[in-house]
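Novice: Residue numbers for the sequence shown follow the numbering used here, beginning at 39 and rising by one.
For the record, the hints were derived by calculation from the structure and aren't laboratory data. Where hints are given, some of them may not hold.
[As the list claims (entries may be wrong)] The list that follows gives simulated cross-link-like pairs (lysine-lysine, PhoX-like), each with its CA atoms no further than 25 Å apart:
(1) LYS468 <-> LYS213
(2) LYS468 <-> LYS571
(3) LYS120 <-> LYS213
(4) LYS116 <-> LYS571
(5) LYS213 <-> LYS571
(6) LYS213 <-> LYS116
(7) LYS468 <-> LYS116
From a predicted model like this one, the values you see are computed outputs, not experimental measurements.
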Amino acid sequence: MASPPPIVEYAVFFTILAVLVFVAGEYLAWVYREQANSDHRPPGYLSWFERLDEIFTPIENGLYRLSGINPRREMTWKGYLKAVLVFNVCIWVLLFVVLMFQDALPMNFVGVGGESWDLAFHTASSFTSNTNQQHYSGETLSVFTHTFGIGIAMFLTPATGLALMPAFARAFTNKEDPRLGNFYENVVRGLVRPLLPLSLLIAIILMAEGSVQTILGGQLTANTFTMGIQNIRIGPHAGIEAINLFGTNGGGINAANAATAFENPTPLSNLVLTLAMPIGTFSAIYAWGAWVGNRSHGVAIVAAPFVPYMALTGVAVVGETGTNAGMVVTGNGLHVDQTVGNMEGKETRFGPTASAIWGLSTTGTTNGGVNSMHNSWTALGAFSPLFAFATNNISNGVGTGLLNILMFVILTAFIGALMIGRRPQYLGKKLEWQEMRYVFVVILVLPILVLIPQAAAVVYQGAIPSMNNPGFRGFSEVLYEFFSASANNGSGFEGLGDGTLFFNLVNGVQVLLARYVPITAQLAIAGYLANKKVSPESPGSLDTDTPAFVGLLIGVIIIVSALVFLPALVFGPI
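Please construct the entire structure, taking both the sequences and the accompanying hints into account.
Specialist: Dropping the structure here:
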């Protein structure tokens, strides 16, 4: 069956996404309504959300008793940060030990060995930080490692991101109260209410479409028509892929990731997985408006990343449905049919349009999972994901995406108020130097982490041999690698040989700093703002739910964030 026209695929995808973002946003707002100190109630036609308490509350109470969590013990921002760091250190240690010693652990059906210390450091750091950048082939991990190491981390790291959202909401819903809630309670609610149920639903759809799901064996032997006997690695593909995409994780069981039929077998499974990536990030941004009592403001700040996401996706679709100049051969009489677009590095069951939409969904969030090889994209197509990285993944990750866009919202409110001669404030809280210094820390982390290592890598003799392609393409591959690590994304231009000591250590440090430096600064901002009194809005206050504010916000994001990287982009894809 022929694929629909690109414009139809594009329009259908974004229409479905907009509806799901609204529903999922109302659901997330309901999940954390009390923890955000909000009086939010879902609309009448979604009031059935409240009946789910009968199912989820007993499960949560059982987990509190089992783990010794007192959900009523609230934390200041420093206590909250300490809990975040301790929790994530435990995840890192678990992963590092499992990766180093997987050869001695059970369920190693094909006898894979443990990872080297530098590769284990990078992998543990990558999956703990929700980056999931892979310098190894997914097939080199055992079923035990995928299930009880990688799989557990894939749930706990997005739960960490979700737990940050109600804490930051307290910055504006509290009145001179420095307490931000209980981190562990918020993690449990994030696991029990959105992550586990929705991942189960996605996994069931994937299995119905033909995705593999097993923990009882690690290899399938097939007698093929043309290639003889083949041994194919198998494992819990459907379960891992579900939380992989919905939790903006990105690391797959197979090296080819979602391009493989075991992980992503059909166009329907591809649509479900493509939608799963941005739903978690954009719905969290929408929920913000519900928590602060202004849904129209939530819609406004959803629009700010949504418009660039749609625009960059459109650019990528145009680039990939056009011709690839490198495939136009005239000298030897050969002809490559490019009537459907650039099919190099793409699966025929998806085509260039669905691959381009996926590509911007994975780089417009911190996901990083791929269903095509980005290194085979055209120059115009490849520009879009790199520009998305420059904006720190547009909508960023589950939970952290909300905090990321709010840094730009606060900066925009600060600049906008000064432009009209008003005292800077946002949602009734005064914006002063204490908050703004941390806002700039968050914004400056990405360019510092990308550009300094980039400059070093292109001249350092220990890194140059990893660049398999010369010139602009090789520069773009290294730039993509550091963008991917520093934006906690994890995808890659796979022409780069990144499984070396240099890239393992540099990228491992990058992913940790890119995750925890912003979280530290954002919790500090929340602590300062929560302790302030609420100032009533005056007629001259900056209106934050108008098209003018959205336009100013988009301009600030592009000017302050993306244009910093323009010289590097000129040396690479441009």
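Novice: Give a verdict on every hint.
Specialist: Going down the list of hints, with the structure as the test:
1. LYS468 <-> LYS213: Holds: LYS468 and LYS213 sit about 12 Å apart, inside 25 Å.
2. LYS468 <-> LYS571: Roughly 9 Å between the alpha carbons, so the hint for LYS468 and LYS571 holds.
3. LYS120 <-> LYS213: Measuring from Cα to Cα gives roughly 23 Å; hence the hint holds.
4. LYS116 <-> LYS571: Holds, because 20 Å separates the two Cα atoms, which is no more than 25 Å.
5. LYS213 <-> LYS571: Satisfied, since the Cα-Cα distance of roughly 5 Å is no more than 25 Å.
6. LYS213 <-> LYS116: holds, 18 Å
7. LYS468 <-> LYS116: holds, 21 Å
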